[in-house]
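Trainee: Residue strings, one per chain:
Protein chains: 2
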Amino acid sequence: MKTALHYSHDLLKEVIKPNDIVVDATMGNGKDTLFLARLSRNVHAFDIQEMALTNTSQKLKEARLNANLHLEGHQHVGKYLNNNLKAAIFNLGYLPNSDKSIITIPDNTIRAIEAMMKHLLPTGRIVIVVYSGHLEGIIEKDILLEYVAKIPQEQFQVLNYQFINQRNNPPILLCIEKRRPLK
Amino acid sequence: MKTALHYSHDLLKEVIKPNDIVVDATMGNGKDTLFLARLSRNVHAFDIQEMALTNTSQKLKEARLNANLHLEGHQHVGKYLNNNLKAAIFNLGYLPNSDKSIITIPDNTIRAIEAMMKHLLPTGRIVIVVYSGHLEGIIEKDILLEYVAKIPQEQFQVLNYQFINQRNNPPILLCIEKRRPLK
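Quick mapping for you: the protein sequence lines, in order, are chains C and X. Take 17 as the starting number for the first sequence in this note's numbering and just add one per residue. Take 17 as the starting number for the second sequence in this note's numbering and just add one per residue.
In short, the hints are calculated from the structure, not lab data. Hints may be right or wrong, so weigh each one.
You can't tell identical chains apart in this list, so a pair holds if it fits in one copy or across any two.
[What the hints assert, rightly or not] Here are the computed lysine-lysine pairs in the PhoX-like style, where the Cα-Cα straight-line distance is at most 25 Å: (1) Lys134 x Lys166; (2) Lys194 x Lys75; (3) Lys18 x Lys29; (4) Lys134 x Lys18; (5) Lys166 x Lys77; (6) Lys47 x Lys33; (7) Lys75 x Lys166; (8) Lys95 x Lys33; (9) Lys134 x Lys33; (10) Lys194 x Lys29; (11) Lys18 x Lys95.
I would like the entire structure built from these sequences, with the hints used as guidance.
Mentor: This is how it looks when you write it as structure tokens:
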């Protein structure tokens with residue numbers, strides 16, 4: 017079966033077309049920014065660590081791809097959107113091989129998700145992979161699960177994909193999809 | 017995004033080949049038996065209601081397909097297997113448009129799952145769709161979730177795929193996959 021990470025990419029590939037506006041909310045080492053930049057010319061990627069922009073920019077250059085890199089928290093994503101968001105991805109947890117004290121903050125994550133939902137196109141998707149190996153991650157996962165379970169079902173579907181017989185908190189996948197308006 | 021039912025079929029299609037031994041543990045109206053019979057020549061289907069066999073047999077005849085229909089509870093599945101099970105599906109709940117007092121019993125379901133796990137081939141899958149619109153269904157879902165969460169992760173992966181922002185208990189999907197043995 018597909019890992020949460022692998023399935024998160026499938027969910028994005030199914031909907032992203034070359035001119036779509038898409039967002040990598042957590043640039044980190046730039047892997048997802050690169051993945052999105054192969055699918056669309058209009059990628060916006062966010063991170064508050066300079067190292068993330070340096071690494072990502074290097075990766076993009078080597079692959080001859082482009083993306084708009086923002087040294088800014090993802091809670092500010094709304095100002096770059098205009099009811100035209102097709103897809104977004106969050107990798108929640110800390111930047112691998114980096115300062116483990118810099119983690120994503122649930123409040124900021126939820127503010128970013130709310131801004132994105134406001135701008136999401138019908139059939140558009142917000143994909144969230146939550147790594148909860150650390151204590152803050154477990155709390156973040158619980159806060160997020162509680163939040164997304166209350167998203168109105170008339171306008172959005174929320175999928176949860178996870179492996180449930182594993183110790184050590186394997187990553188879980190959430191996907192918020194905006195429904196088509198009723199005719 | 018795919019419904020639990022749609023994704024359950026994807027998970028089966030990915031692994032079933034024409035000569036594989038496969039099981040429909042809950043024949044019901046025969047839809048899944050038909051689905052499996054299109055993928056393999058070696059389908060075994062179980063139900064304790066004669067009506068299920070009558071309807072399914074009619075459906076198979078119309079489609080010119082074959083399956084072994086057993087008027088027997090799925091807890092007896094083990095006697096038809098010999099370490100050769102590739103895939104199985106359960107639809108837990110009651111037979112639609114039928115006697116709602118005849119429901120699947122968690123004890124029998126778990127006995128069937130255990131027998132299947134014993135005979136499952138590496139990369140083989142047991143797919144379980146749980147409809148929990150009725151009270152017994154909610155109890156059954158909880159018993160099953162508790163059971164599958166304890167399946168040893170060294171030998172099996174257990175996936176949970178479900179929509180989590182919907183009222184009225186939408187169906188949930190579980191998939192148990194046997195890992196390849198370590199070299």
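Trainee: Determine for every hint whether it applies to the structure shown.
Mentor: Okay, the hints, checked on the actual structure:
When the C-alpha separation of lysine 134 and lysine 166 is checked against a cutoff of 25 Å, the pair qualifies only within one copy, where the shortest distance is 15 Å, while the shortest distance between copies is 40 Å. Taking CA atoms no more than 25 Å apart as the test, lysine 194 paired with lysine 75 passes in neither setting, with 31 Å inside one copy and 37 Å between copies. Taking identical chains as interchangeable, the C-alpha atoms of lysine 18 and lysine 29 lie at most 25 Å apart whether they share a chain (14 Å) or sit on different chains (14 Å). Taking CA atoms no more than 25 Å apart as the test, lysine 134 paired with lysine 18 passes between copies only; the shortest distance there is 23 Å, against 30 Å inside one copy.
Taking the closest pair of Cα atoms, lysine 166 and lysine 77 never come within 25 Å of each other, the shortest separation being 41 Å inside a single copy and 46 Å across copies. Taking CA atoms no more than 25 Å apart as the test, lysine 47 paired with lysine 33 passes inside one copy only; the shortest distance there is 19 Å, against 35 Å between copies. In the homo-oligomer, the alpha carbons of lysine 75 and lysine 166 never lie at most 25 Å apart, since the shortest distance is 38 Å inside one protomer and 41 Å across protomers. With identical chains, the CA atoms of lysine 95 and lysine 33 are at most 25 Å apart within one copy only, with a shortest distance of 22 Å there and 51 Å across copies.
Taking the shortest Cα distances, lysine 134 and lysine 33 sit within 25 Å of each other inside one copy (20 Å), while across copies they are farther apart (45 Å). With identical chains, the CA atoms of lysine 194 and lysine 29 are at most 25 Å apart within one copy only, with a shortest distance of 16 Å there and 28 Å across copies. With identical chains, the CA atoms of lysine 18 and lysine 95 are never at most 25 Å apart, being 34 Å at best within one copy and 32 Å at best between copies.
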